[in-house]
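Residue numbers (UniProt numbering), protein chains in the order written: chain U, 1 to 375; chain C, 1 to 207.
Wrong hints could be hidden among the right ones.
[What the hints assert, rightly or not] Have a look at the derived ranges for each label pair, beta carbon to beta carbon: (1) C:C150 x U:S149: 43 to 51 angstroms; (2) U:R143 x C:K193: 39 to 47 angstroms; (3) C:I119 x U:K294: 51 to 59 angstroms; (4) C:E61 x U:K294: 32 to 40 angstroms; (5) U:D127 x C:T68: 38 to 46 angstroms; (6) U:N293 x C:E191: 28 to 36 angstroms; (7) C:E61 x U:D157: 26 to 34 angstroms.
Please keep in mind that the hints were generated in silico from the structure rather than gathered at the bench.
Since the model is a prediction, treat every value here as computed from it, not as a measurement.
A virtual CB, placed ideally from N, CA and C, is assigned to each residue, including glycine.
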Amino acid sequence: MSSDNKKWFSLNLNRKKKESSGTCGCGKTSGGCGSYSEHPQMTDEEFAEAAINASIGEERTKDGFDQVFDVKMDRRSAFKKLTASLLIGAGAVSTSCSVISGDESKEKAQIDWEEQFKGNYKLMDDDEKKGTVERLMRSYELRTGKNISMSSKNAEDDVLFGYAFNISKCQGYMDCVNACVEENNQDRNSQMQYIRIHEMKDGKGFNFNEADDNYYHEVPAEGHFYMGTQCFHCDNPPCVEVCPVQATWREDDGLVVVDYDWCVGCRYCMAACPYDGRRFNWSKPEVPETEINKNQHYLGNRMRKKGVVEKCTFCVQRSRAGKNPACVEACPTGARIFGNLLDPNSTIRWVLENKKVFRLKEDLGTEPKFWYFMD
Amino acid sequence: MMNRKNYIYILCCTCLFVLFSCRHGEGEYHGVTDRIEAESKNYHGTSISSEKYLEGIKTIEITEGEHTFLIPERKNQITSYACTECHSKPLTQMQGKDAKNAHWDIKLVHANKNTMNCITCHNPDNMDNLTSLTGNNIDFNNSYNLCNQCHTKQFKDWKGGAHGKRLAGWAPPRASMTCVNCHNPHKPHFESKWPERFNTETVKERE
Ligand code: SF4
Ligand code: SF4
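Pulled out of the complex, with its shape left as it was, chain U reads as follows (with noise of 0.2 angstroms):
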């Protein structure tokens, strides 16, 4: 990882580059930017420690919902954390003069520092895109003992993802939901699959309002279809326009993904998408240890915090590296398929040319890449 050329600071506590003494990094030779010298009694560590706790310490162990809404600022502890910030920016290039050795608290507060000022990933080149990615799995190695594995895959070309659902048959079994919750890495206690199966009346069309969504009883029921809505990968996604950060944006390969680091959770989107598409981290999600799936994208089902949307992403993680989503793979009558619209001999597109297919709400010109069809 070179520091030259990087869209965020970099403390570089661990990187021993030799300066010419006297000279600091921000070209200064003499007093001007640094408050170096009025701590020559602290050693390197400390101060880094210490400055590191000053100001965004508190962060450290909050999520991004806490950070918003958990701070009590007056103008003094205001000020002080300016002054820490200064200080700690100080701090950094001097100690970037300087040389010492590795330590994990020091690497995890690298890490976290440059999480901290990472830019949006949507406009990462490939190097920091596996930059970022790499602290990632570093960090939770360092938290946990235990390594994961995390892509930054990007979009192939001439690849354009589609999905066609077979209302004839899908039964209401439920092994999708199932299926997409584990792979995912969902939240177990809220109600956030990203899948609802709902459960219609034969002869009354597609009637949301009277669907029931909460059944549990045998299935199918006697004079009842399923139908399954997800997210449906918008090819004009409104979700996308309103976003005030940018953080969630379409993909080459069409996949509309959110950047949960980048998100500020004002669910903007969620009231944008016509589809109930999207959902919303209310508490904090969690998942016991053994039951992580620790194959991730940064894009798909890494961990996620309080505060942030998430929603599907037809399993980017797999989908990019040639399988089917979860939930494609775990239906048991092949009711949901997958593939690529760009190939013209795949067999989504022999299902949109041969068969009677629509979309949900195609007047609004969202142009959903998610097709129903029946037998």
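Add chain C with the ligands to chain U, keeping to what the hints say.
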């Protein structure tokens, strides 16, 4: 002189305007179907493959109409194939009090008795193969050819990929499960059962 300058200026502006007004946002296409049509014209294939997910699964390649794809080998999945390892004598001699019980768990729940019985699909004189309605041999590996004698609509959808499930991922090569991987041929319907879990309780947010 001034006039000419103005004229050129206006011309340039018009050109630029025309250029930009043709592109509205994402919308080089008027819908996703247009996008698919346009972008798949020069489709070159992808580097993504599901070959590695097929490792360890024995498959055979079949060609039906314009579709060529893989299906799992069947014979090695049937316990104690070949059938003639047991069926060495004619059936009449194998039935009776002192004969060993076999196939006691098979009960035919498929169509009605007038339409189907054992010998609709099995040939008592040639146990190692299935038999078509007209008495031709059908290999156990290609058992879909037995089913498609009646279930023509399902067969058509299966060939195209609208019926049934994929064996590996979505990526090529295509490998699809065959009829008997999901349906028990002696009892092909899906049982009703309890759902795997509670369905979502939608949070009532706006009340
Ligand atoms: S279904 Fe909703 S969340 Fe998904 S892309 Fe469309 S508007 Fe966005
Ligand atoms: S909740 Fe997050 S993703 Fe949605 S609009 Fe707000 S910042 Fe963007």
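Tell me the numbers of any earlier hints that the structure contravenes, in ascending order.
none
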